[in-house]
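Chains A and B are the protein sequences, given in the same order. Just add 1 to wherever you are in the first sequence, counting from 1, and you've got my numbering. Just add 2 to wherever you are in the second sequence, counting from 1, and you've got my numbering.
Simulated from the structure, these hints should not be mistaken for laboratory data. Keep in mind it's a predicted model, so treat the numbers as computed, not measured. Do not take every clue at face value.
[What the hints assert, rightly or not] Cut-off 35 Å, straight-line C-alpha distance, at most; resulting in silico cross-link-like pairs (DSBU-like, lysine-lysine):
no.: 1; chain 1: B; residue 1: Lys31; chain 2: A; residue 2: Lys260
no.: 2; chain 1: B; residue 1: Lys90; chain 2: B; residue 2: Lys60
no.: 3; chain 1: A; residue 1: Lys98; chain 2: A; residue 2: Lys254
no.: 4; chain 1: A; residue 1: Lys260; chain 2: B; residue 2: Lys130
no.: 5; chain 1: B; residue 1: Lys9; chain 2: B; residue 2: Lys90
no.: 6; chain 1: B; residue 1: Lys60; chain 2: B; residue 2: Lys130
no.: 7; chain 1: A; residue 1: Lys3; chain 2: A; residue 2: Lys173
no.: 8; chain 1: B; residue 1: Lys128; chain 2: A; residue 2: Lys223
no.: 9; chain 1: A; residue 1: Lys224; chain 2: A; residue 2: Lys173
no.: 10; chain 1: A; residue 1: Lys127; chain 2: A; residue 2: Lys71
no.: 11; chain 1: A; residue 1: Lys224; chain 2: B; residue 2: Lys31
no.: 12; chain 1: A; residue 1: Lys334; chain 2: B; residue 2: Lys31
no.: 13; chain 1: A; residue 1: Lys226; chain 2: B; residue 2: Lys9
no.: 14; chain 1: B; residue 1: Lys90; chain 2: B; residue 2: Lys130
no.: 15; chain 1: B; residue 1: Lys60; chain 2: A; residue 2: Lys98
no.: 16; chain 1: A; residue 1: Lys224; chain 2: B; residue 2: Lys60
no.: 17; chain 1: A; residue 1: Lys226; chain 2: B; residue 2: Lys90
no.: 18; chain 1: A; residue 1: Lys320; chain 2: B; residue 2: Lys128
no.: 19; chain 1: B; residue 1: Lys9; chain 2: A; residue 2: Lys298
no.: 20; chain 1: A; residue 1: Lys223; chain 2: A; residue 2: Lys254
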Amino acid sequence: MKPIIILGIESSCDDTAAAIWNGTQMLSNVVASQEVHKAYGGVVPEVASRAHQVHIVPVVDEALKQAGVKKEDISGIAFTRGPGLMGSLMVGVSFSKAFALGMDIPMLEVNHLQAHILAHFIDDPKPNFPFLCLTVSGGHTQIVQVNNYLEMEVLGTTIDDAAGEAFDKTGKLLGLDYPAGPIIDRLAQQGKPVFDFPEPRIEALDFSFSGLKTSILYFVRKKEKENPNFIQENIHDICASVQDRIIRILMNKLVLASKQTGIREIAISGGVSANSELRTSLVSLGEQENWNTYIPKMAYCTDNAAMIAITGYYKFLRKEFANQDIAPLARYKF
Amino acid sequence: MPILMEKTYHISSIDELQSLANTLLDVCKSARKFAFYGEIGAGKTTFIKLICQALGVKNLVSSPTFSIINEYETAVAPIYHIDLYRLKTEEEAFNIHLFEYLDSPNYCFIEWPEIIEHYLPEDTVKIKVNTIDEFSRTFLIQAIDHDQTPDSNS
Chain A
2 MKPIIILGIE SSCDDTAAAI WNGTQMLSNV VASQEVHKAY GGVVPEVASR
52 AHQVHIVPVV DEALKQAGVK KEDISGIAFT RGPGLMGSLM VGVSFSKAFA
102 LGMDIPMLEV NHLQAHILAH FIDDPKPNFP FLCLTVSGGH TQIVQVNNYL
152 EMEVLGTTID DAAGEAFDKT GKLLGLDYPA GPIIDRLAQQ GKPVFDFPEP
202 RIEALDFSFS GLKTSILYFV RKKEKENPNF IQENIHDICA SVQDRIIRIL
252 MNKLVLASKQ TGIREIAISG GVSANSELRT SLVSLGEQEN WNTYIPKMAY
302 CTDNAAMIAI TGYYKFLRKE FANQDIAPLA RYKF
Chain B
3 MPILMEKTYH ISSIDELQSL ANTLLDVCKS ARKFAFYGEI GAGKTTFIKL
53 ICQALGVKNL VSSPTFSIIN EYETAVAPIY HIDLYRLKTE EEAFNIHLFE
103 YLDSPNYCFI EWPEIIEHYL PEDTVKIKVN TIDEFSRTFL IQAIDHDQTP
153 DSNS
């Protein structure tokens, strides 16, 4: 039997990406980068849809080449329908429609946030159903109960800022470059969480990071009045304290979610999963709570098309095909 | 001739902020574009959240820093919650089709508008948030009033 080969397309935010999945293996996973683009003699524009328009064909080309697959071999094309920036989503959706029409293959529409979760099924070890997944990125923070590949329920979400944004904005307050998440992670490794920031009181499994940002702002201001060099002199401890608080907020809700549902299969996904302290905390908390914990490899945590391809694959198996009249959705609930 | 209205409000609780949201919508009834200025942690997103609730938004209003534009539904028309924090150039604003949103007849609430300052529609209401201390803020509201000419006012 001919293998099912899925081309995945992601263009919901900053990155344009394409990947190829053959039912058992990710054959390629390409994100637009200076390198990909240099090969085509172009310059990489910055955020948004114009950049996606410039990137999309070279990225798909590169994904096919790396996979050693011809476009005639593709069984279906999966694309991010939302949530995301309308102008950016439009590029991926339009490309996919044209490709599907040209090659006469089915289209598979994918929710970006469901795809982050299904990134866990690319490599082993894979979580067992039902499991809980904490998705943490620059734009999203949610806990989802995953009952099956395409059956998921959001248990909690942020009511203001995402966890990644909490890292980036507190970094800005401390004078660090954007995006500050990785910088805080690195600086924190040489510090200790000696400063205590309050835990927000948010009901049930929802999150809030806006108040934390404000309390850090006033903490720093107050300390700077006493000592103008407070930030420079204490940057490692401040970063360690900020990071510790953000991660404890996340972990405390995971513990609560596990208690409420009785589920001990615990996964994390999204770009903030790159944070070394978050990974360490999850593993040690898992040992303490007797959980099985899962973290996908880095390339499948940040925005990527591999996760779109694998989600499309499960939809392909169920014959959940999209029509040519499908439109992107800036807000897309599941 | 249109005149510039300017008024400062002192806010020290979330209830006061909620009533300011209602006041703003009431005073600037015909305005649809609102720009919010103020440092990180000033409360721009919190204020917009309250304004959106007053306009009947049932969706969760959250920060669009990463997504750049959030769309919320109301019974009447969509509302655009825009955040230009991550943009570095005017050109990027054009590239995300920002001006299609600004040209629409719908409400647009814009955080970090400095980068497109010169392109804001003339009748944009400007809200400048100043942090006094952890619990209090001043809100300076600037609006061009087309209805009240100096003549009709006298």
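Each hint tested on the structure:
1. For the suggested pair Lys31(B) and Lys260(A), the alpha carbons sit about 48 Å apart, so the restraint of at most 35 Å is broken.
2. A threshold of 35 Å between alpha carbons decides the hint, and for Lys90(B) with Lys60(B) the separation of about 32 Å falls inside it, so the pair holds.
3. Only pairs whose Cα atoms come within 35 Å are accepted, and Lys98(A) paired with Lys254(A) is rejected, the gap being roughly 40 Å.
4. Of the supplied pair hints, the one linking Lys260(A) and Lys130(B) is violated, its CA atoms being roughly 44 Å apart against a limit of 35 Å.
5. At roughly 31 Å between alpha-carbon atoms, Lys9(B) and Lys90(B) fall within 35 Å of each other, so this suggested pair holds.
6. Of the pairs offered as hints, the one joining Lys60(B) and Lys130(B) holds, with about 26 Å between alpha carbons and a cut-off of 35 Å not exceeded.
7. Restraint check for Lys3(A) and Lys173(A): not satisfied, since their Cα atoms lie roughly 52 Å apart, outside the 35 Å limit.
8. Note on Lys128(B) and Lys223(A): the hinted pairing holds, with a Cα-Cα distance of about 29 Å set against a maximum of 35 Å.
9. For the hint pairing Lys224(A) with Lys173(A), the CA-to-CA distance comes to about 17 Å; that is within 35 Å, so the pair holds.
10. Annotation: proposed proximity of Lys127(A) to Lys71(A) holds, straight-line Cα distance about 29 Å (limit 35 Å).
11. For the hint pairing Lys224(A) with Lys31(B), the CA-to-CA distance comes to about 43 Å; that exceeds 35 Å, so the pair is violated.
12. As the CA atoms of Lys334(A) and Lys31(B) are separated by approximately 32 Å, the hinted pair is consistent with the 35 Å bound.
13. Between Lys226(A) and Lys9(B) the CA atoms are separated by roughly 31 Å; this keeps the pair inside 35 Å, and the hint holds.
14. For a cut-off of 35 Å, the pair hint linking Lys90(B) to Lys130(B) stands: about 21 Å separates their Cα positions.
15. Of the pairs offered as hints, the one joining Lys60(B) and Lys98(A) holds, with about 32 Å between alpha carbons and a cut-off of 35 Å not exceeded.
16. Annotation: proposed proximity of Lys224(A) to Lys60(B) is violated, straight-line Cα distance about 40 Å (limit 35 Å).
17. Among the hinted pairs, Lys226(A) with Lys90(B) is consistent with the structure: their alpha-carbon atoms are about 31 Å apart, no more than 35 Å.
18. As the CA atoms of Lys320(A) and Lys128(B) are separated by approximately 51 Å, the hinted pair breaks the 35 Å bound.
19. Using a Cα cut-off of 35 Å, the hinted pair Lys9(B) and Lys298(A) is violated, with the two alpha carbons roughly 53 Å apart.
20. In summary, the hint linking Lys223(A) to Lys254(A) is supported, as the alpha carbons are separated by about 30 Å, within the 35 Å threshold.
Figure legend: structure checked against the earlier numbered hints; hints not met, in rising order: 1, 3, 4, 7, 11, 16, 18 and 19.
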